[in-house]
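These are the residues of each chain, in order.
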Amino acid sequence: MFEAAVHGLTQLMQPVPLGWLVLGVALGLWGGALPGVGGPAQLAVLLPFAMLMTPINAIAFLIGVASVGNTGNTFTSVLVAVPGGSGSQATILDGYPMARRGEAKRALSASFMASMLGGIIGAFFLFASVPILKPLIRSFGSPELFMFTIWGISMVGILSAGAPIKGLTAGILGVLVSTIGQDEKSGVIRFDVGEPYLWNGISIVLVSLSVFAIPEVIAMATRRGKVAELTPLGETGIWQGIKDTFIHWKLVIRCSLVGVWVGILPGLGSSVADWFAYAHARQTEKNPESFGTGDVRGVIAPESSNNAKEGGDLIPTLFFGIPGGSSAALLLIGFVAVGLKPGPDIINTQLDSVFAIIWALVLSQVLASILCWAFIKPAAQICVLSFHILVPLIVALSLLSAFAANFAIEDIFTLLALSVMGFIMKKYGWPRAPFVLGVILGPKMELYLWLSVARYDMGWLLHPGVIALGLLIIGTFAYPVWRDARARRAAA
Amino acid sequence: MSAILSGRNLFTLFILLVFVGALVTASEWPLRASIIVLVLGVCGAGLALAQLIVDLRKPRTEKDTPRPTYETPSIETEDPMLGARATWETWAWLVGLVVMVPIVGLPVALTAFVLLYCRAHGGGWPISLLLTALVAGFIYGVYVQIMHVYWPSSWLGGLLEGIVEI
Amino acid sequence: MERRRHFIGRTCVRALAVVVMAALSAVGSAAAQEYYKGKVFTVVVASKAGGGTDTTARVVARYWGDHIPGKPKVVVRNKGVQVSAANELQHSTRPDGLTVAVFAGAGSLGPVARKAKGVRYNPLDWGIVGSVDRGPSIMILRKSAHERLYDKSKPPVTIGSVSTDREQDAIAVLGGEALGWNIKFVLGYPSSNQIYLAYERGEVDMFGSGTADIIERFVKEGHTIALLSEVARPDFKNVPTLEAVLGNKKPTGLLWKAYRSWGAGAVDKYFALPPKSKPEHLNTLRESFMATMRSADFTKAAADQLGEGATPVNGQETHERIEAALHIPDDVIATIRTLRQKYGLPQVTSKK
Chain W
6 MFEAAVHGLT
16 QLMQPVPLGW
26 LVLGVALGLW
36 GGALPGVGGP
46 AQLAVLLPFA
56 MLMTPINAIA
66 FLIGVASVGN
76 TGNTFTSVLV
86 AVPGGSGSQA
96 TILDGYPMAR
106 RGEAKRALSA
116 SFMASMLGGI
126 IGAFFLFASV
136 PILKPLIRSF
146 GSPELFMFTI
156 WGISMVGILS
166 AGAPIKGLTA
176 GILGVLVSTI
186 GQDEKSGVIR
196 FDVGEPYLWN
206 GISIVLVSLS
216 VFAIPEVIAM
226 ATRRGKVAEL
236 TPLGETGIWQ
246 GIKDTFIHWK
256 LVIRCSLVGV
266 WVGILPGLGS
276 SVADWFAYAH
286 ARQTEKNPES
296 FGTGDVRGVI
306 APESSNNAKE
316 GGDLIPTLFF
326 GIPGGSSAAL
336 LLIGFVAVGL
346 KPGPDIINTQ
356 LDSVFAIIWA
366 LVLSQVLASI
376 LCWAFIKPAA
386 QICVLSFHIL
396 VPLIVALSLL
406 SAFAANFAIE
416 DIFTLLALSV
426 MGFIMKKYGW
436 PRAPFVLGVI
446 LGPKMELYLW
456 LSVARYDMGW
466 LLHPGVIALG
476 LLIIGTFAYP
486 VWRDARARRA
496 AA
Chain S
29 MSAILSGRNL
39 FTLFILLVFV
49 GALVTASEWP
59 LRASIIVLVL
69 GVCGAGLALA
79 QLIVDLRKPR
89 TEKDTPRPTY
99 ETPSIETEDP
109 MLGARATWET
119 WAWLVGLVVM
129 VPIVGLPVAL
139 TAFVLLYCRA
149 HGGGWPISLL
159 LTALVAGFIY
169 GVYVQIMHVY
179 WPSSWLGGLL
189 EGIVEI
Chain F
21 MERRRHFIGR
31 TCVRALAVVV
41 MAALSAVGSA
51 AAQEYYKGKV
61 FTVVVASKAG
71 GGTDTTARVV
81 ARYWGDHIPG
91 KPKVVVRNKG
101 VQVSAANELQ
111 HSTRPDGLTV
121 AVFAGAGSLG
131 PVARKAKGVR
141 YNPLDWGIVG
151 SVDRGPSIMI
161 LRKSAHERLY
171 DKSKPPVTIG
181 SVSTDREQDA
191 IAVLGGEALG
201 WNIKFVLGYP
211 SSNQIYLAYE
221 RGEVDMFGSG
231 TADIIERFVK
241 EGHTIALLSE
251 VARPDFKNVP
261 TLEAVLGNKK
271 PTGLLWKAYR
281 SWGAGAVDKY
291 FALPPKSKPE
301 HLNTLRESFM
311 ATMRSADFTK
321 AAADQLGEGA
331 TPVNGQETHE
341 RIEAALHIPD
351 DVIATIRTLR
361 QKYGLPQVTS
371 KK
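Residue numbers (my numbering), protein chains in the order written: chain W, 6 to 497; chain S, 29 to 194; chain F, 21 to 372.
In case anyone wonders, no lab produced these hints; they're calculated from the structure. Here the structure is a predicted model, which means the values were calculated and not measured. Yeah, the Cβ is synthetic: ideal placement off N, Cα and C, and Gly gets one too. Possibly wrong hints are sitting among the right ones.
Only some residues are given here: those of chain S computed to face chain W with a beta carbon under 8 Å [what the hints assert, rightly or not]:
#1 Trp57
#2 Pro58
#3 Cys71
#4 Ala76
#5 Leu122
#6 Met128
#7 Ile131
#8 Val132
#9 Val136
#10 Leu138
#11 Phe141
#12 Cys146
#13 Leu157
#14 Gly165
#15 Gly169
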């Protein structure tokens, strides 16, 4: 294992992979800082390019892009109260009041330090999980993996605050979309409406672009003018922010653990990680009443969590072949395209690549924070680019990447049709993340359900692992009901 | 009546019909192809129906479901009239762009879109041309030079080729 | 004298023909060099990453670029699985000589040969560049399941398989029919790797593989036996052949013919240009393919990753083998269909 770790690092520390890593980090930060551009949408745009690279370059580039978006998106959250991505919503609650108080640099600096530490803790857990993964993986058969995917969809659906029914329905709708095309097990061509174009199904890249990027572009175009007015940056506070993070080091570790756990659960994303961590900080820290008024702990908690999530996210992605979220699914596609074989066997066959990913994760976090510190002022200017520049740029990139998914012009029409769907979902409060995750997890869910039935008939329902996960799913459904009932009782 | 036929309810009804349609279609297939559609489709249809009932029972004046945790907070304009007009206008731009793609080809349609959109929305000529050049350069550099993409022939391109051949 | 003049004349004509051929070849090569130079050459694998088709394609792709005139950059992409991929690729792949698809013979030809309804492509429309034959398959069985294999009163031995046609399925079906094996297929695993994992965690008891290091890995672990080999393999001399295991129970008639014709027998992983590709592109790629096969780098990598038994087959011969594999008598097709139905193997059909 030590040899593989050294080999992974040696591979990464060559000029070319390092160059791709730096470029990836820069693009990831840029995308993160632009509302509606970062995260899955940006990865979807860049994925086809990465697929042309050698494995180590692709690892460096993709991890660079994917793992630092939550560092970059703090800019808009703190400065203009607009999250650059879904992972920095909770940061607004205390970051923006700090900026209004003239403590923008302190808030940003604390955020970058917390992001860096959280990211490194996440990578450490990814590393630490390697020796214990094999027995764990062997205990996961098709029935358990099926329940795992059901749990992922349920968590996402149920945790869609205020819209659990819509969340679950959207997730199932996503699964339905994933069944379009020819079913390999039977040869049946499903829902193709007579179009050969649909025989191979709909690319997840298209779904991701239509559901995330285009509706955000519409929103941005609708607002017109600048994205937001820039709140002046405070003159001092960078060191204070760094000091704040170390003063609250226990909070950083706790919230990082929350992030790793959220990452491990398939189907949960950055936005869950940051809210969970924020809620955890608010519940456990002293003087919780200062949260929401510009408390630096309200910045540190979500920021350490959403970056730690990236390491946790890679655990199911790499070792089970089940992506934890949209970004992880796109990463998975990229890794597979360049020859990595995510799945339980990766520990035996490509351990050095796993370590290269871990090292890339650590380096990306450090680099991202350094870049952010160095470029706080000019980077912030991006947030105030006018919509007439951003809208055409994002549309052009979206269409180009939709086309690049299969080099088929029909994909552009599919993009438009799905974008209408994404837009309406957004308009009527239908959570889009479960929909995308349904599309991602659908094929796995179907496969494991079929294999369970084919192998065990209905006997798989009595497997201990299945029963345990079933109870967990029931708990997932029951907890919000119990919590709300308790809250109602307390209010009464 | 108008409350019942609100966009919100119609969309939920649409989702319900998608599930019902999928279940009917999948009932024709062998179990190994239909298992997931049947198992989850029934759940989906049930949930969509439940949502429809919830929506129908909710007064029209009541605010829509709160924004789900997963969603990026809206950055739309505060003015609803301006917002609606701008939304439709943006969709018109997008549809126009997509319609132009098979007619003039993706690279030409995209560069034209960037130029026209930027110019029409207050970008001066210098910034519009600069942005267009940036996108054109990106397409040429990345898609033509690096990826050697084979662009599907456009309707106009085919027509011009025909004229040249004549 | 007359004969001599005739000989000289014939020699001159031959020499001229050689010169013309060489000149044409040089012109062709120069044109190909010009055409492929600086371009991206895409190898589309009609299978998921990690399986035998994918591994074969990636090993070839790694060295192929060096032998194509103009040395284009070679990239590998995975698209769908066998039939669905072929269905789509037949209609969507550009015939510009820059995209070549890689199929598994059994997976892509078997359904065509038995005229399955879901098939919407014709392998003979494609320009066959060449193929790689790996070693014959060996059936791997968990030792503890050996007793159940011959005892139908016990739970059946589970065989892991992918969704598409495989020659290993034919061996198992033959075992079921001729030797009375007590078996049940669990099929639908997305790739061979997934079957190996399912075997490791006890989900399946038996599978077939032609890959030497996989067979060795499991047999070494001690709880596995190499039950039989399709035909004799020099690297697994102690493994009995199928014919030896069958002994006097070797079937004749339709069952044997069905086994022999199942899944395109003689064609393994083949590389093909999409329909309507130009002959000059096909010739260039056929030559470069065989040049790659002969290169020392490829030979070493193939021996490491595909097994000692891996052998290249040129484009023309592969084409002929495919033609032969697709012409199966109707009564044999009917037998294969019946057997597939009996053992729960997919028919590739659009309706039930």
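Hint-by-hint comparison with the structure:
For Trp57/S, the interface hint holds, the least distance from its beta-carbon to any beta-carbon of chain W being 5 Å, beneath 8 Å. For Pro58/S, the shortest C-beta to C-beta distance to chain W is roughly 5 Å, which falls under 8 Å, so the interface hint holds. For Cys71/S, the interface hint holds, since its Cβ comes within 8 Å of a Cβ in chain W; the closest pair sits about 6 Å apart. A hinted interface residue such as Ala76/S counts as satisfied when its beta carbon comes closer than 8 Å to some beta carbon of chain W; here the least separation is about 5 Å, so the hint holds.
A hinted interface residue such as Leu122/S counts as satisfied when its beta carbon comes closer than 8 Å to some beta carbon of chain W; here the least separation is about 7 Å, so the hint holds. Violation of the interface hint for Met128/S is found here, the shortest Cβ-Cβ separation to chain W being roughly 10 Å, above the 8 Å cut-off. Nearest Cβ of chain W to the Cβ of Ile131/S: about 11 Å, over the 8 Å cut. The hint is violated. The restraint placing Val132/S at the interface with chain W is violated, with a minimum CB-CB distance near 12 Å, outside the 8 Å limit.
A least Cβ separation of about 12 Å between Val136/S and chain W goes past the 8 Å threshold, and the interface hint is therefore violated. Given the 8 Å rule on beta carbons, the hint for Leu138/S holds: about 5 Å separates it from the nearest Cβ of chain W. For Phe141/S, the interface hint holds, the least distance from its beta-carbon to any beta-carbon of chain W being 6 Å, beneath 8 Å. With 8 Å as the threshold, the beta carbon of Cys146/S comes within range of chain W, its nearest partner Cβ sitting at about 5 Å, so the hint holds.
Contact between Leu157/S and chain W, as hinted, is not supported at the beta carbon level, the nearest pair being about 12 Å apart and thus beyond 8 Å. For Gly165/S, the suggested interface contact is broken, since its CB lies about 12 Å from the closest CB of chain W, more than 8 Å. Because the smallest distance between the Cβ of Gly169/S and any Cβ of chain W comes to about 11 Å, over 8 Å, the interface hint for this residue is violated.
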